[in-house]
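First to last, the sequence lines map onto chains Z and G.
Start counting the first sequence at 1; every next residue gets the next number (our numbering).
Start counting the second sequence at 1; every next residue gets the next number (our numbering).
I should point out that these hints are in silico values taken from the structure, not numbers from a laboratory.
The list that follows gives simulated cross-link-like pairs (lysine-lysine, BS3-like), each with its CA atoms no further than 27 Å apart:
(1) G/K7 x Z/K83
(2) G/K105 x Z/K117
(3) Z/K91 x G/K22
Just so you have them, the derived chain Z footprint on chain G, three or more residues with Cβ under 8 Å:
(4) 24 to 35
(5) 81 to 94
In silico negatives: residues of chain G with every beta carbon more than 12 Å from chain Z:
(6) S5
(7) H6
(8) R9
(9) A106
(10) G107
(11) V123
Since the structure is predicted, the reported quantities are computational estimates derived from the model, not experimental observations.
Beta carbons: idealized from backbone N, C-alpha and C, even for Gly.
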Amino acid sequence: MTVYFEDINVGDQLPELIKGPISDSQLVRYSGASGDFNPIHTVPKVAQMVGLDGVIAHGMLIMAFGGQLLTDWAGAGSMRQFKVRFSGMTKPTESLICRGQVTEKLEQNGEALARGKLTIKGTDDSLKLKGDFTVALPRR
Amino acid sequence: MVDPSHKGRVFPSYEFTIERGKLHEFLLAIGDENPAYLVDDPPLPPTFATVFAFWGGMNMENLLKQIGVEMWNVLHGEQEYETLAPLHIGDTMSGTARIADIYAKAGMNFVEIVTQYQNQNGVAVLNDRALIIVRG
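Working from the sequences, and respecting the hints, build out all of it.
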């Protein structure tokens with residue numbers, strides 16, 4: 001369903017996106033897809049060597065979930081700016097809740113834009129990342 | 001302490017050609033089933049540029065080594081992407097990374113790496129900004 005610029009308002013919540021549970025094999029898959037082969041994401045022994053109690057998810061995988069939150073709502077290809085600050089580590093078996101909210105509507109360079117903020121949290125409410133975004137929306 | 005004289009340093013450019021197979025592999029890995037990516041000339045997911053850097057041979061580990069920082073001692077603090085023009089399958093991205101800033105705060109060192117991507121026509125298409133936290 002297309003979201004139009006005229007139909008959104010500051011304060012609107014984006015439809016919540018639940019991702020996960022994250023599996024070990026998803027981390028292997030994301031390593032190959034992204035090219036980030038840092039073994040702390042895939043090899044438990046290496047993760048333990050650096051003081052973790054097991055592998056952790058790539059921060060960029062979690063940011064990708066945030067990207068999907070935006071494109072599920074505004075459409076694929078709508079992202080103009082997307083910035084996150086990483087807060088907490090994510091481990092396999094965790095599920096994540098992605099939430100966003102519109103903070104501004106504006107027009108710039110002939111495009112209708114929505115700005116907003118987002119968070120991704122674990123089901124225990126632990127913050128994984130927070131950020132802000134700008135997406136371009138179609139007009140009616 | 002990271003030597004602040006590295007600020008402004010520009011690293012050799014690298015290239016990556018956007019492939020459809022790589023896009024599908026990425027979508028499978030993140031679990032995004034949006035059918036809008038399955039058309040002939042699809043847009044790219046918001047964080048797909050991660051692929052340009054890692055598979056294009058940016059080599060973050062080597063870049064950090066050149067400014068005296070070891071990969072095992074860093075955290076990815078922030079990441080930002082800015083889309084400047086549409087990207088298409090078959091386009092060749094040319095990425096140039098530079099050290100935009102180096103500063104210390106709360107006992108930690110921060111290194112800001114900005115990578116600008118141009119397409120094969122020399123058009124600026126994407127900015128990538130990573131904030132790296134150096135521990136200790």
